[in-house]
Structure formats: C-alpha cells, structure tokens
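Colleague: Chain residues, written in single-letter form:
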Amino acid sequence: MTEAPWWSLSTAHTVLEATATAAFALSGVIEGARKRLDAVGVSVVAMLAAFGGGTLRDVLLDRRPFFWVQHAGYAWGVLALVVAAMLFMRARHLHPTERAMQWPDALGLGLFAASGTQIALAAQMPSLVAVLMGVMTAVFGGVLRDIVCNQIPATFSDHRPYAVCAFAGGWVVVAANAAGVGDTTALLAGAAAAMGLRLLALALDWRLPAWRTDD
Amino acid sequence: MTEAPWWSLSTAHTVLEATATAAFALSGVIEGARKRLDAVGVSVVAMLAAFGGGTLRDVLLDRRPFFWVQHAGYAWGVLALVVAAMLFMRARHLHPTERAMQWPDALGLGLFAASGTQIALAAQMPSLVAVLMGVMTAVFGGVLRDIVCNQIPATFSDHRPYAVCAFAGGWVVVAANAAGVGDTTALLAGAAAAMGLRLLALALDWRLPAWRTDD
Amino acid sequence: MTEAPWWSLSTAHTVLEATATAAFALSGVIEGARKRLDAVGVSVVAMLAAFGGGTLRDVLLDRRPFFWVQHAGYAWGVLALVVAAMLFMRARHLHPTERAMQWPDALGLGLFAASGTQIALAAQMPSLVAVLMGVMTAVFGGVLRDIVCNQIPATFSDHRPYAVCAFAGGWVVVAANAAGVGDTTALLAGAAAAMGLRLLALALDWRLPAWRTDD
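So the sequence lines, in the order shown, correspond to chains A, B and C.
First residue of the first sequence: 1, per our numbering; consecutive thereafter.
First residue of the second sequence: 1, per our numbering; consecutive thereafter.
First residue of the third sequence: 1, per our numbering; consecutive thereafter.
Rather than coming from a laboratory, the hints here were simulated on the basis of the structure.
None of these values were measured; they are calculated from a predicted model.
This list has only true hints and no planted wrong ones.
A few chain B residues that don't get close to chain C, going by computed Cβ distances all over 10 Å:
1) Lys-35
2) Phe-66
3) His-71
4) Leu-79
5) Val-83
6) Met-89
7) Glu-98
8) Val-181
9) Asp-183
10) Ala-189
11) Gly-196
12) Leu-204
13) Asp-205
With a straight-line cut-off of 30 Å between C-alpha atoms, the simulated DSS-like cross-links for lysine-lysine are:
14) B:Lys-35 with A:Lys-35
15) C:Lys-35 with A:Lys-35
16) C:Lys-35 with B:Lys-35
Virtual Cβ for every residue (Gly too), placed ideally from N, Cα, C.
Based on the provided sequences and hints, a complete structural model is requested.
Modeller: What follows is the structure, given as structure tokens:
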C-alpha cells in the first residue's frame, strides 16, 4: 500500500485515522471504567479496542508489520489519551456521553471497514472474504473490549445496525474496485457509505430483526 | 495436501465436511439465539463455531490460505444456513433438539480432529503437538462460540467426554501414520475412533471425573 | 536466539523457566478447579495459562516454532502436573495457598516479561512495542485463563501492580540493551526488576489508582 494514491492525501487521512483510533480507544476507556478496572486494565482495554480489529485482520492475512508497530506513535497516543481521560474524568466528573461518541465512532466504523476491505482485496482475497476482513477490522476491537470486560459484545446484542453497516460499506469498496475507480475514491465511497448508514440507523432508530425463540 | 490420496474420494469427503461444518454452524445459531443476539451476532457466532477451530490451527501452523478463504463457498453456505434457520425457526417454532444434533456434531468432532492432526503431522509437528492441534481444530470453534456468548465453554464444564474423544482420535491418526498406512485410512480410522467414542460416551452416559475442591 | 549467551547458563535457565511455567500452569489448575471445570477443562486452562502469553507474542512476531512445539516436553510436563495436582488435591484436601504461589508467580512474571522484551528487540521492534510484547508474554496467559473461566481478568481488576511491574522490567531490558551490556545481564536485570517490584508491591500492599466514575 506504500504508493497507494490516498497517501498523497496523507495529512487528511492521518487526521481522520487518528480521530477514529482515539474514538475507539475512548470507548475502551469508558467501558473499562464502568467495569471498575484498574488503570492498567483500562489501558489494555483501550489498546484492544483501538488496535484489536486491525491486528486480527493482519494476523489472518499474515501481514506485517502491524499498524501499531509501524507507527508506534499511535500506541504512545493511546497511552497518553488514557492518562488524559483519567485525569480529566476525575477532575471534572464529566464523561463523554454516548451521543457525543456517535460521530467519531461512526467515522471509525466506516474508515476501518473500507480500508480493511481494500487491504484484503490487495492481498487477493475473494470478495466475500475481503468484506468480512473489513467488518472484522471495524468491529473486532470492540468485540475484544467487551469479551475482556466479561459481557456479550454489544455489537452482537444491541439490535442496532453496526457490523451490518460495515458489511455494506465493504461491498461498496468491492463494487467501486470492480468498476475500476481509483483506490482513494473506493476508500472514500465505502467509508462514507458505512458511516452514513450507521448515522442514519441511529437517527431513524432502525432495529435489526429480533430473533424470536421459544425457550 | 493438494495431492493427498483422500482427495480422490473427494465427493464423499466434501459431503461429510459440509455436514460437519453445518452442524457446527448450527450449534452457533442455537446458542446465539438462546442468548438473544441479533441477526448479525447470530451470524458471527455461527461462523466462529464453524471456522474458528481450523482457523486457529492454521494461524498456529502459519498455514495459508484458510479453509474458508480457499473455499469461500463455505462462508456463503454458513450465511445461507443462518438465514434459513432464522426463517424456519420463526415459521415453525421448531428447534433442532440436542439429540438430533448429536450425530452430525460427533461427525464434526471426529472429522476435524483427525484432519487437524494429519495436517499438523504433515507440517512436521511432534506427535503430542499434532494431536493437540487436532483437538483444537475440533473443539475451539465451540469454545469461541461460548466465550463470545459469555459463558464458560460447555466442552470444559459439562463433564461429558468431548475433547478427550478428539484427543483419542488424534492418537489413532498418529499410530496409523507410524504404522505406515495410507492417509485416507489414517483419517478414517481417527475420525471413526473419535466419533465412535463420543457416541458411546453419550449412549452410556459416561462422565469425566469430577474435580473435588474444598472451597 | 540459538547462540544467545544465556544458553551457556542453560541449566539454571531451564530450572527457572520450568518453575515459572509450572507456577503459571498451577494458577490455571486452581482457577479451573474453583470454577468446577472437568478434567479436560482444567488441563486446557492450565495450558493456556502456561503457554498463552508466549504463543500470542510469537503469533504477533510471526515467529515459529512455538516454545511448546520446540520443547514438547513442556506440554507433557503440564499434563503431568495437572494429573498430579488432581490426585494430590483430592487425596490431601490441600491447596496451594495464594501466598505460596506468590514467589513462583513473580518469578514467571519477571522472567517472561524480560525474555519477551528481549525476543521482540531481537526482531527489531521499536522499544515501546518490545516492552508491550514482554508484558503480553508475562500477562496474557493469565488473561486467557480468566476469559475462558468467564471472569474479568484479575490482572486488570484487582488493583494490585502486576502488568505494570512487567512493563517496568521491560524498560529495564531496553535500557540495559541500549547501554550495551550482554544479553544475559539484560535479561537478569529486567527479570529481577519486575520480580522485585511485584514482591515489594505485595509486601507493602501497594494499590493501583482507583478509577473513580460517577455511574
């Protein structure tokens, strides 16, 4: 991906990526704090939430170095964020509300789903597998966060579209790629589709079909 | 494994493998539904149950491509199964009973334990490691399913022989291999041993020794 | 690492390593028994606790063969330990107390944190990443053990310094390495630092800062 066109937009891309990573890390901080983890636990959960999805994707694709190895600055950033959040939340008795998190979280969902799909396509994966890799990239950090915090992953049980938006965004990347548009366009289209769907789903209070069981 | 002899029996093998994969996926559907996951959660848990064990084995053996990457049809099949199960269970208020699942599940246990052991032996692993890889292949999908559903893996806590049948079947493969029989024979012997032990254990209601503790 | 200087001290190193591995495995036995797992579950949890951290590190570093593949004797040893512990605990109604476990557990913490960091440095990882790999090596076995036993990892929630001691020990290895001392010295210094800190923290009853939240 080193000469992929979107690196020419690298500043904008870095800002978006850092925002999305911070949003995911912050979701880990909030959940860790809610579960009364200690400072170390909160840091670990924040890192898992921020880097878990991309790391799993890279392990499955056998791709090295990891994002957080190549850019160790991100790992330092998450540590700094945890310390800042800890001091700030203590001092101000202020928490980021769920609503305030929706936009950066949706950004992360879209961006990571699209870039994950693109990376998997570049590694010659079949379409469905590439899309699933994109979904994993976007969703699995949160899944690991919830597993470590000993609860059923919210993504799988809150009946709101989340992974399914990433799934749709991934297919947009596949379609754009098949249509022969440039990588940057495909990435932006996929990310926008996933992010837009997620925000729409929240605004209109869409629900996933409930699974009715007898027992 | 591309020219391994048992591919000459490929139709029979594919039917068995598809049956076993479907049984594992269905166990994920049932558990996900019981935990009231949404449709996405049920799909993910079904995929984890179906592909988790083999994927972990391949990651540990550094073996690519994964089964579900090489044969993306299986991933589509699991998705179709989830949708079908969802519609069917809703319409008919009918659930596969635990008893109805015993045979295909035991088939999966035997088949995946034997093939996992064989793949690890082909990768020059020592015997014990190869057998453990076989056990992982057979058992770890269910373990991941239970972890995501936030419960102690049933395999480790229901005091019925399950992993231990896979362990025995793996050693049968090792012994058959050492005796110089063909790959197909070794696979069938190991799979039959594990499957037979499992069905026998269920029929005769064998229990694993309880661990008595004072606290 | 095959000609690393500390292999010339190989007997001492092997004794320490075996002690530490046994301590980690025993922590899995104790927790598995407390959760009423069956014999298979206890064995698996013991293996996860003993080998999980190093295996995760090696998967992330793309390093093969794993410790327990290269030295399959360790896997046999853990199985034997489980059987022995099972018989012994049943016969004597005796459990290793938490206090009795503190020393070997701290040894494992120090040794695995230092050797994990050193292995990651040898693989050209940046300093922070190498230290995090060391922490993972030391801590992740216990995390997996707790996740399988369906509880929040103790390391993250008991408010006692544990991972943070491994973190400090890892930085000692990085500093010693930068200062140009030999590998053996760096390993011993890092291990001693982490182990000493852990024992000091327990003796003086240090607590990690609590995370105060409003909800």
